[in-house]
Amino acid sequence: MASFADPCLDLPKSLQREFLRMQVCFCAISRFTSPVTELREAQLQDGSFEFLAIFLEGLPFIFMGTIVSGFLGTYLPRNAFERFLPKNRTLAIFVSGLLGAVFPVCECAVVPVIRRLVKNGLPVSCALTYMLAAPIFNPVTAISTYKAFNNSYAIAGSRLAMGWLIAVAVGLVMARIAHQHFLKPSAIESGNEHHHPRNLKTAMNNSLRDFMDVGLYFTIGVILTALLKTTVIDPTSDFWKNLADNSLAATPAMMVLAFILSLCSTSDAFIAANIGNFKYAPKLAFMVFGPMMDAKLIFLYSTVFRWKFIFFLFLGLFAATWGLSLAFEHGLGSYDSFMESYWGSEKEVAP
Amino acid sequence: MTALHTRLFGLLATTWGGVLLYFYSSMRMKKYLAPDFHILLLIGGIGIVILGLFSLINPTSEDSCGHDHDDDCDHDHGQNHGPHHSHDDCADCSHEHDGHGPGITYALTLLPLIGALHFTEDRLSAIGIAKKGLYETPNLTAPADAPPFTREDLEKRVPRNLDGEFQLSLVTAYYVAGDREVEGIFDGLPVELEGRLVEEKVNNESGLRRRIYRSIISCCAADMSIVGIPLEFETPSAEPPNDSWVKASGTLVFEDVGEDRVPLLKVRQVIASEEPYSEFLLRQ
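Protein sequences, first through last, are from chains A and B.
First residue of the first sequence? That's 1 in our numbering, and the numbers climb one at a time after it.
First residue of the second sequence? That's 1 in our numbering, and the numbers climb one at a time after it.
Treat each hint with caution, since some may be false.
Short, incomplete list of chain B residues facing chain A, as computed with Cβ under 10 Å [unchecked claim]: (1) Lys31; (2) Phe37; (3) Leu41; (4) Leu117; (5) Phe119; (6) Asp122; (7) Gly133; (8) Ile217.
It is worth saying that the hints were derived from the structure and are not from the lab.
This one's a predicted model, so the numbers in the text were calculated from it and none came from an experiment.
Note that CB positions come from ideal geometry on N, CA and C, so glycine has one too.
This is chain A alone, in the form it adopts within the complex (with noise of 0.2 Å):
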């Protein structure tokens, strides 16, 4: 008989490695706080209500996507995907960064099903695409950043367009590079699952598991974020307001804010709309990096791929972010000009 105990005595290194890791973090973490009692009861009660708003919200999102996970994994067909997807992989990816307006699905829950869509053998390539492109290339995302920003179509294609471009240039990438060299071992292979029967009880069970596995990386991933936020990151400090004629200084800003903060990428083009009055380069790579890389996605992401990769995506993100933002606000002149030409001259836009 198994004793429940054992594993955890017999933690897997990349679980010590993690530990290691909160543990450093939790210590930097610490010199931030004040000695003074009351801002740190203060934090401590935001951090509790930060951490509870997140969790509440993305747990119901977090077990429909391993419910629909649980259920692709026992009854979809091993390699029915290959029947649907255009038989060259190059067009392949282009088609996988658009499928979240045909499959939307918000960053929380799209890791595990393509966890389970790559163990049923969706290229690899077309997932990471897929899970990159599906936050933002949505219909959802489109609207409220299109209402955000006054009505904005402009602003809501740009955001659009940089999330597919970017995760169809990731995926390109990956294609070319074996897979056994950012995917976890577990994630490549399908294990015993194949041989399981197709029936509620396999499917209830596979579910449970991605909900387990993917649960504790979310909950990590929230409890990060609610300490950053109440501890290290104040948007209303001076450091952030006098970025705001800065771009080339204030988009890289900007896309670290959009980590720590770990927003929901339907409702993050609110935030981007509120905070300051930033140009157009560092709100857009806000709205585009935050729901490819955040606090809470790195644990989740850990599920799927080796924290090498997560290190070099989390890289590759924020250059390729920071460099097409600047590109799109020189392409289209300065933010306030950009809207004019789209208001009319009459309409202010900037206070």
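We have chain A; now place chain B onto it with these hints.
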């Protein structure tokens, strides 16, 4: 997963689902989620409980599925060991294991959840509210609750109270500032604003000012932003107390503070009001 693991995970899932259902049934969710998400919380909670209970009742044991698991292995392998990879080699194996044991999952999810439930007061502290923008000046790129553009629109769309004052959304009054064209319609307007009271911490040398605010969210309290408008009393006033819901009546004016243009309500009266169903205003 062994049958025991499945049962333990099922119990944990049931607990998580129970927490969601508790927040729904106790209405505490109102403090955390936008109204659109309340039903999702209920559906998610029920679904998670069903998933958990199903696994409790029908645990699946992978070592009974006919694979090469002849040992009493209780690892969470996502891989088939096969004939050439026995469990004896596990200590040295390089592959990473799929999933984690129930102990780790219980500890890393339940402890933070219990801690958060213990420490939360279902609201942000004064410091947290300030960080969400309570004392910030309006930014015109934010179109939340776009105001009417003509006096006629205003008359048509905004109801008045018994004293003839416009019952204006606080968010509308906030975002009007800075748009000179629209500001002209609202400047000097008799209005009634509803929100929570807090002390004023900026531009209050005279001590005659307090602030009224509302919270705006899209999905959950984590994406909350707060807009506040200063109230200027004729004499120092401590009533109603801070943190209470009020209706503040008076004249809406706009003043220049540095390079910013901010709204200000010159108070005629402030009366306590009931807390609304949801204190959040929706952006969408």
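Each hint tested on the structure:
no.: 1; hint: Lys31; verdict: 8 Å, holds
no.: 2; hint: Phe37; verdict: 6 Å, holds
no.: 3; hint: Leu41; verdict: 6 Å, holds
no.: 4; hint: Leu117; verdict: 7 Å, holds
no.: 5; hint: Phe119; verdict: 4 Å, holds
no.: 6; hint: Asp122; verdict: 7 Å, holds
no.: 7; hint: Gly133; verdict: 6 Å, holds
no.: 8; hint: Ile217; verdict: 8 Å, holds
In this structure, every one of the numbered hints holds.
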